[in-house]
Every structure is written in C-alpha cells, then in structure tokens.
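Chains as they are written, first to last, in my numbering: chain U, 194 to 285; chain G, 194 to 285.
Worth flagging that the hints you see were computed from the coordinates, not collected in a lab.
There could be a bad hint or two in this list.
A pair counts as met if it fits within one copy or between any two copies, since identical chains are not told apart.
[Stated by the list, open to error] DMTMM-like mimics (lysine to aspartate or glutamate), calculated; alpha carbons at most 25 Å apart, straight line:
1) 225 to 260
2) 238 to 267
3) 269 to 258
4) 269 to 241
5) 269 to 219
6) 225 to 267
7) 238 to 219
8) 250 to 267
9) 238 to 260
10) 269 to 240
11) 269 to 235
12) 250 to 235
13) 250 to 260
14) 238 to 258
15) 250 to 231
16) 238 to 275
17) 269 to 231
Protein chains: 2
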Amino acid sequence: MNAGTNPSAAPSGPQERLPTLNWRFEFGSYAKTRHFLDQMADLSKREDYYPNVSFGKTYVNISIDAEGQVVLAERKSSFMGEMEALVTADRA
Amino acid sequence: MNAGTNPSAAPSGPQERLPTLNWRFEFGSYAKTRHFLDQMADLSKREDYYPNVSFGKTYVNISIDAEGQVVLAERKSSFMGEMEALVTADRA
Numbered sequence: 194m195n196a197g198t199n200p201s202a203a204p205s206g207p208q209e210r211l212p213t214l215n216w217r218f219e220f221g222s223y224a225k226t227r228h229f230l231d232q233m234a235d236l237s238k239r240e241d242y243y244p245n246v247s248f249g250k251t252y253v254n255i256s257i258d259a260e261g262q263v264v265l266a267e268r269k270s271s272f273m274g275e276m277e278a279l280v281t282a283d284r285a
Numbered sequence: 194m195n196a197g198t199n200p201s202a203a204p205s206g207p208q209e210r211l212p213t214l215n216w217r218f219e220f221g222s223y224a225k226t227r228h229f230l231d232q233m234a235d236l237s238k239r240e241d242y243y244p245n246v247s248f249g250k251t252y253v254n255i256s257i258d259a260e261g262q263v264v265l266a267e268r269k270s271s272f273m274g275e276m277e278a279l280v281t282a283d284r285a
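Chain U on its own, in the form it takes in the complex (with noise of 0.2 Å):
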C-alpha cells in the first residue's frame, strides 16, 4: 500500500494542524438520542456550521476538524459549549 500524498495540501505544515475534536453523548433510549440530534440540527442552523455526525440508536459522535476549528473561532461561536450544554440539559 502507498501511504499517498496529501491531497488537501494545508498550507503550513501537515504537523500545525490542529487535532480533530471528538465527542461521544450516549442516550438512554433513540427518542433521547434524536431530541439532542434535533437540537443540533437547530444549533447548527443557528450558528451555520454543520460538524460531522455519526449516530446510532443511543450514542452521537461529533467530530469538528481544524478547518471547522478555526471557522468557530474566528466567529466566535459558542457553538462548542452550547453543543455541551444541551447534553446536560437532555440528561438533568
């Protein structure tokens, strides 16, 4: 296997990139899980940024890249700790 050049070339340097942010929310049941995925989609309308999402019946992962990073930042957008915040609102 060829490990392969990178395609999206950044600018910098491939070691200045910032880590991708990871979460995992586990739910209780799906109608919990998709409560918080609704919430998000109107979080992510809000705010006009859409992280990457994968989900099952009662977990969501959220993934937000250097790029995504670096877009919240420079508007900053609280849309990391409202992101937190709906999960404790969801589970109190």
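The hints should help you fit chain G onto chain U, whose structure is shown.
What follows is chain G alone, placed relative to chain U:
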C-alpha cells in the same frame, strides 16, 4: 445487490460474516440532507431498526452491519428498499 448467500444461515464461522453494506447519498443543500434524515428517522421507527448513520452538511452515509442484515432478513423487512426509494423520491 446481495449475491445469493443465505443471511439467516446459522452463524458458523467468522469468515462467513456478511460484509457491512454502506451507502453514501449526496444532497444539494442542508435542507435536503435534513429532510432525508427526518424521513430515515421515521423509517427507523416504523421498522424498529436503527442503522449507523453519519452525515455532514450535504451527505449522509448509512451502514448496515452483518448483524443488522440478518435481523432485517429475518423480519423480511423492506428497510433497504424503502431507504433507497426515499433518496430517489427526494431527487425527483
């Protein structure tokens, strides 16, 4: 799509596991992506089957692992066909 293996055959050896089936659907906008996800959620509820789903702003990936394929086959579920029909309908 599935080449004539019997998915409800007794689980004899790990070599005989069905490969995970993966779909990737692309959409022209986040609104279309979300519409599809909402319809998928309804389908999952109706069929009581929850595949692994990952999505971003304009794409959705669906994975159905060996276990899921066996469950759907045993129930004679039309989950996969209905899922594909949703995408076709969305694009019409």
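If the cutoff is 25 Å on CA atoms, where do residue 250 and residue 260 land: within, between, both or neither? Let me know, please.
Classified as between; 14 Å across copies, 29 Å inside a copy.
Handout entry: Intra- versus inter-copy proximity for residue 231 and residue 269 (alpha-carbon distance at most 25 Å)
Key = within (23 Å within a copy, 30 Å between copies)
*asked:* I want to check one pair: residue 269 and residue 235. Are their C-alpha atoms no more than 25 Å apart within a copy, between two copies, both, or neither?
replied: within (18 Å within a copy, 36 Å between copies)
Original post:
At most 25 Å between C-alpha atoms: does residue 269 with residue 219 qualify within a copy, between copies, both, or neither?
Top reply: neither (28 Å within a copy, 30 Å between copies)
Exercise. From the Cα coordinates, with 25 Å as the cut-off, is the pair residue 269 and residue 258 best called within, between, both, or neither?
Worked result: Within one copy only: 16 Å inside, 40 Å across.
For residue 238 vs residue 260, is the C-alpha pair at or below 25 Å within one copy, between two copies, both, or neither?
Within one copy only: 18 Å inside, 35 Å across.
Regarding residue 238 and residue 258, is the shortest C-alpha distance of 25 Å or less found within a copy, between copies, in both, or in neither? Classified as within: same-chain Cα gap 18 Å, cross-chain 31 Å, threshold 25 Å.
Could you place residue 250 and residue 235 in one of the four classes (within, between, both, neither) given a Cα distance threshold of 25 Å? both (20 Å within a copy, 13 Å between copies)
For this session: Please work out whether the CA atoms of residue 238 and residue 267 approach to 25 Å or closer within one copy, between two copies, in both situations, or in neither?
Result: Answer is within: at 17 Å inside a copy they meet the 25 Å cutoff, but 39 Å across does not.
Under a CA distance limit of 25 Å, which applies to residue 238 and residue 275: within one copy, between copies, both, or neither? within (13 Å within a copy, 28 Å between copies)
- Query: Should residue 269 paired with residue 240 be assigned to within, between, both, or neither, using CA atoms and 25 Å as the limit?
  - Reply: For residue 269 and residue 240, the Cα distance is within 25 Å only inside one copy (10 Å; across copies 42 Å).
From the Cα coordinates, with 25 Å as the cut-off, is the pair residue 225 and residue 267 best called within, between, both, or neither?
neither (32 Å within a copy, 28 Å between copies)
Of the numbered hints stated above, those contradicted by the structure are hints 5, 6, listed in ascending order.
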